[in-house]
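Read off the chains here:
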Amino acid sequence: DAGVIQSPRHEVTEMGQEVTLRCKPISGHDYLFWYRQTMMRGLELLIYFNNNVPIDDSGMPEDRFSAKMPNASFSTLKIQPSEPRDSAVYFCASTRQAGELFFGEGSRLTVL
Amino acid sequence: AQSVAQPEDQVNVAEGNPLTVKCTYSVSGNPYLFWYVQYPNRGLQFLLKYITGDNLVKGSYGFEAEFNKSQTSFHLKKPSALVSDSALYFCAVRDMVSYIPTFGRGTSLIVHP
Chain A
1 DAGVIQSPRH EVTEMGQEVT LRCKPISGHD YLFWYRQTMM RGLELLIYFN
51 NNVPIDDSGM PEDRFSAKMP NASFSTLKIQ PSEPRDSAVY FCASTRQAGE
101 LFFGEGSRLT VL
Chain B
1 AQSVAQPEDQ VNVAEGNPLT VKCTYSVSGN PYLFWYVQYP NRGLQFLLKY
51 ITGDNLVKGS YGFEAEFNKS QTSFHLKKPS ALVSDSALYF CAVRDMVSYI
101 PTFGRGTSLI VHP
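So the sequences go chain by chain: A and B.
When the first sequence is numbered by this note's numbering, its final residue is 112 and no position is left out of the sequence of numbers.
When the second sequence is numbered by this note's numbering, its final residue is 113 and no position is left out of the sequence of numbers.
Calculated directly from the structure, the hints in this document are not laboratory data.
Treat the numbers as computed from the prediction; the structure is a model and nothing was measured.
Ideal Cβ positions, reconstructed from N, Cα and C, are used throughout, including at glycine.
With the Cβ distance kept under 7 Å, some of the chain B side facing chain A (calculated, not the full set):
no., residue
1, Phe34
2, Gly43
3, Lys49
4, Tyr99
5, Arg105
Pairwise CB distance ranges (calculated):
no., chain 1, residue 1, chain 2, residue 2, range
6, A, Glu62, B, Pro18, 40 to 48 Å
7, B, Asn55, A, Met15, 46 to 54 Å
8, B, His112, A, Glu14, 36 to 44 Å
9, A, Gly28, B, Met96, 20 to 28 Å
10, A, Ile5, B, Asn12, 33 to 41 Å
11, B, Lys58, A, Ile55, 26 to 34 Å
12, B, Ala14, A, Met39, 25 to 33 Å
13, B, Asp54, A, Gly28, 24 to 32 Å
14, A, Glu44, B, Met96, 17 to 25 Å
15, B, Lys58, A, Glu14, 43 to 51 Å
16, B, Ser26, A, Pro8, 32 to 40 Å
17, A, Ser7, B, Ile100, 22 to 30 Å
18, A, Leu112, B, Gln10, 28 to 36 Å
Chain A stretches covered by chain B per the calculated footprint, using a threshold of three residues with CB under 8 Å from any CB of chain B:
no., stretch
19, 36 to 46
20, 88 to 97
Sequences are here, hints too, so could you generate the full structure?
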């Protein structure tokens with residue numbers, strides 16, 4: 001298995017632009033998580049899905065953030081409009097029921 | 001609510017010496033406990049987990065962790081550290097009902113040659 005695949009690995013954009021991050025979870029996994037990692041706040045859970053349905057989005061910082069999972073093999077995290085304080089590494093992770101999480105390599109976002 | 005504490009931001013150890021990275025937790029009921037490692041510019045990688053059974057859990061790369069219910073701890077250990085073990089280590093806990101783990105802030109392990 002190729003593991004959790006995220007794209008892009010790096011994104012540099014200007015304030016106000018729309019950013020879309022993509023994730024392909026491991027086949028057969030029924031939970032998908034989006035995390036954000038910064039030096040100041042560590043690892044933050046933004047939202048998670050179970051069987052493609054969003055379960056808890058209380059970690060999404062603002063309405064500028066949205067996430068979708070149209071099918072079991074694809075999820076997106078969108079920021080519109082982006083701001084410099086959104087600069088961080090965004091991780092996608094998946095798991096099957098009670099198991100450990102499998103993380104992607106992350107998408108490093110820089111908003112200028 | 002569940003929580004994890006990693007009391008040390010950084011642990012320094014000489015190569016060849018034993019290492020310990022500390023973790024304490026709080027959870028309702030029996031815990032599921034995990035350790036992950038993150039190398040620079042990489043995602044978190046699973047090292048080991050405790051669900052039930054023996055209190056000493058063995059994992060990848062020679063790491064092990066000891067579950068101590070009375071002290072609510074799950075410290076990560078390795079008998080002989082390698083320079084390549086230098087990385088950021090995360091402890092995580094979840095209860096038996098929620099599938100959502102809570103992560104600690106992470107501990108930076110630095111192994112000196």
